[in-house]
Each structure stands twice: as C-alpha cells, then as structure tokens.
Amino acid sequence: MSLPDHPAVTLEWLVDKTRTVYSLPFFYERLSETISHPRSSIADIAKIITEDQGLTARLLRLANSPMFGYYSKVDSITKAVTIIGTQQLRDLALASSVMDVFKGIPEDLINMGDFWRHSIACGIVARSFATCLRENNVESYFVAGILHDVGQLILCTAVPDIAAKLLKRSREQEELYFLTERQELGFDHAELGGALLHAWKIPPNIYEPVSFHHFPYNETSSYSFEAAVIHVADIICQAFQWGASGECFVPPLDEHAWDRLGLPASMLNSILKQSEPQIEETFAILVEDR
Amino acid sequence: MGKLTVDQLEPGMTVASDVHDRTGRFLLGAGTELTQKHLMVFRTWGIGEVDIVGAAGGETLLPLPPEVTREQLEAAEHSLSHLFRLSNMDHPAIALLFRLAALRKAGHVPS
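Line by line, the protein sequences give chains A and B.
If you're matching positions, the first sequence starts at 0 in numbering that gives the first Met the number 0 and goes up one per residue.
If you're matching positions, the second sequence starts at 0 in numbering that gives the first Met the number 0 and goes up one per residue.
Be a bit skeptical, because a hint or two may be false.
[What the hints assert, rightly or not] Pair by pair, the computed Cβ-Cβ distance ranges are:
(1) A:40 - B:29: 53 to 63 angstroms
(2) A:287 - B:13: 44 to 54 angstroms
(3) A:84 - B:11: 56 to 66 angstroms
[As the list claims (entries may be wrong)] Sample of chain B residues facing chain A (criterion: CB under 10 angstroms; computed from the structure):
(4) 1
(5) 5
(6) 100
Honestly, the hints are just simulated from the structure, not real lab data.
The C-beta atom is built at its ideal place from N, Cα and C for all residues, glycine as well.
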C-alpha cells in the first residue's frame with residue numbers, strides 16, 4: 000500500500016496534529032498539581048473534583064460499584080478521596096478526561112461503544128490481575144487498560160483514510176492489526192497512544208504499559224511488569240470478544256510476559272469470574288450515562 | 000498424583016506435596032487429608048492449584064461441565080478457530096483461554 004497523499008505520516012507528526020486539536024482539560028492539570036502539592040488537603044482535592052459535576056457523579060458511582068466493594072456507602076467525594084486514595088482518584092479522573100476528549104469522533108471506522116467496552120474490559124481484567132498479585136496501585140492498571148488502544152483513535156481521527164486502508168488490509172490479508180500498522184507506517188497504535196499520553200504529561204506508569212502492550216518484553220522500560228499485565232488482559236478480552244477494537248484476531252501471547260505474572264494458567268478462570276460481572280456496570284458508568 | 004484446580008478439590012482428598020501461598024508462606028503439609036475448612040483457606044489465600052494423591056496428572060484443561068456435550072464444545076471450538084488462528088495455541092494459557100471461550104460459546108455459565 001502506497002501512501003502518496005501523506006508522505007510524512009510519522010509518529011511525531013500524528014502526535015502534534017492530535018495535540019493541536021485535542022487537549023486534556025485544564026481541569027486534569029489542576030487536579031494533578033493539587034494532588035502532587037505536599038500541602039494540599041483532602042478538602043482541596045475534593046473541591047476541585049466537585050467543580051466537574053459529571054466527573055463527580057461518575058467517580059461516586061464507581062466508588063460504590065462492586066469493583067470497590069463498599070456497597071453504596073461512599074456518599075461524598077471527600078469520602079471517596081479518603082477510601083480510594085488521591086493517586087488512584089487522579090488516575091480515574093484521567094481515564095474519564097481522555098474518554099471525554101475523544102467523545103463524538105466519527106464512528107464510520109470504529110464503533111465507539113465496542114471500542115470502549117473492549118478498553119474498559121481490558122482495564123478491569125488488568126485490575127483483577129493486579130489485585131490478585133497484590134500490587135499497590137491497582138487503579139493505574141485499570142486506567143492503563145482503558146487507555147491501551149487510544150492510538151487507534153488517533154489514527155481514525157487524524158488520518159481516517161489511512162486507518163480505513165489499514166483496517167481493510169489486516170482483514171483481507173488476515174494478519175494482526177498492529178503488524179499491518181508496523182509494516183505500513185513503521186510504528187503501531189500502541190507506541191502512538193503512548194506517545195500522545197507522554198506528550199500530555201501523563202505519568203510513565205500509565206503511558207509505558209500502553210506503549211509496550213504488544214511487545215511487553217522491553218528492557219528499557221521500568222514498567223514492563225505493568226505492560227505484561229496489559230498484554231495478557233488485552234488477549235483475554237480479545238479471546239472473549241468483550242467489545243472490539245481494530246484487531247480481529249487473538250494476538251499471540253508473549254511467553255516472557257506470561258511468566259512474569261507468575262500465575263498458574265488455572266488462575267485464568269477465577270480472574271474471569273471476578274472480572275466479567277464488573278464490565279457492564281463500569282461501561283454504563285463511564286460510557287452510557289454521559 | 001497430579002495438580003487439580005481449587006474448584007476440583009473435594010474434602011477427603013490427600014495433598015501430595017506441601018501447599019504454599021504466593022509469597023511462599025507454608026499453608027498445608029503433604030499427606031494431609033483435605034477438609035471443607037482447608038478449601039476455604041485455599042480460596043482466601045488465592046491458591047490456584049494443589050497437588051493431589053491419585054489425581055490424573057496433566058488434565059489442567061477444565062473437565063466438560065454436564066450441560067455441555069462433546070459435540071457442542073467441538074462446534075464452539077470450530078467457530079472460534081478463526082479468531083485464534085494467529086495466536087500461539089501451544090501455550091498452556093492460550094489453550095485454556097480457548098477452552099474457556101469455547102465453553103462460554105457453548106452456553107456454559109461459569110459458577
């Protein structure tokens with residue numbers, strides 16, 4: 000496939016182009032700054048969050064959903080900040096902000112409902128793995144999972160005609176979508192999404208797993224464990240066809256990534272049992288009721 | 000002796016080798032006969048598999064649940080084979096994932 004109209008579709012060009020059109024709300028930056036500031040109180044943080052009513056409602060519903068298991072007892076943002084944690088709440092606010100940014104993009108290439116269902120399912124499965132492995136900030140896994148395919152949205156909005164050709168080709172040739180991208184563009188949606196999140200100054204524990212979720216065995220990344228979790232979670236969601244992304248096959252499992260989780264294969268069943276009931280409710284909270 | 004998943008364990012079975020949790024904490028010694036309480040402890044500490052005396056080894060794939068026939072399972076596996084054709088089916092985790100997805104497609108709801 001030649002791309003005569005776009006002689007310079009590079010990763011940097013796409014990130015720049017996307018950044019001029021879409022930016023993270025100033026709100027997220029303020030929240031992030033307040034949380035990092037050593038003298039901020041929980042009340043300061045809660046005050047900023049409650050300025051955004053939509054976000055406040057979503058965070059409260061999330062805090063009361065089965066994912067957290069507090070059974071409808073979280074009735075204020077102050078309580079949510081205390082129980083869920085400030086870093087965690089910032090990560091959840093980030094996911095919600097990014098979903099807002101890409102709201103209302105044309106759906107002729109990609110069904111946004113299917114896309115977010117796949118992404119949220121991946122986040123939930125990754126979070127279940129992290130919980131099972133007793134990781135500290137399980138919310139960062141949830142958020143990295145939700146954002147793992149954001150690069151596909153960049154392609155569909157910045158260069159829709161190229162995205163259409165790539166999608167068509169991977170289906171016709173029956174090849175993995177991220178390999179088609181690599182062959183035609185020289186990079187894939189994982190790197191592209193990671194690069195945009197990096198440009199938006201999102202912390203590396205989120206953007207690195209996004210960048211490496213198709214090639215999680217990466218010695219230069221400090222977050223290759225997180226990447227391994229997202230890699231496995233993505234494969235699981237693809238296998239169970241929870242939602243859909245541009246990919247229409249189950250990608251091969253990276254053996255190193257699997258070994259790094261240190262779990263017996265038999266744990267898959269309990270991870271699935273734990274994750275599946277949460278998908279629809281979380282999808283309703285984050286996508287449907289906007 | 001062979002490994003059984005926690006769901007397959009029943010009181011009265013004998014543990015073939017020591018059971019440790021993920022951090023290496025010793026939970027139960029070889030030779031112990033399982034009671035209902037042990038099963039609960041295994042679940043609490045996230046034990047996935049236990050070595051059991053006399054269990055058929057190698058059967059890490061799930062046994063066929065009663066409501067799914069062999070034919071239904073094969074039909075489901077056939078319809079999923081396209082989705083899985085580029086994955087590494089020889090990896091035990093992918094093989095199990097394939098089986099779980101097929102069981103789901105054949106109408107089995109995990110308990």
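Hints versus structure:
A hinted range of 53 to 63 angstroms holds for the C-beta pair residue 40 (chain A) and residue 29 (chain B), which are about 54 angstroms apart. Our hint of 44 to 54 angstroms for residue 287 (chain A) and residue 13 (chain B) holds, since their Cβ atoms are close to 51 angstroms apart. In this structure, residue 84 (chain A) and residue 11 (chain B) break the distance hint of 56 to 66 angstroms, their C-beta atoms being roughly 44 angstroms apart. Because the smallest distance between the Cβ of residue 1 (chain B) and any Cβ of chain A comes to about 12 angstroms, over 10 angstroms, the interface hint for this residue is violated.
Proximity of residue 5 (chain B) to chain A holds as hinted, the smallest CB-CB distance being about 8 angstroms (cut-off 10 angstroms). Proximity of residue 100 (chain B) to chain A holds as hinted, the smallest CB-CB distance being about 5 angstroms (cut-off 10 angstroms).
Checked against the numbered hints given earlier, the structure breaks hints 3 and 4 and satisfies all the rest.
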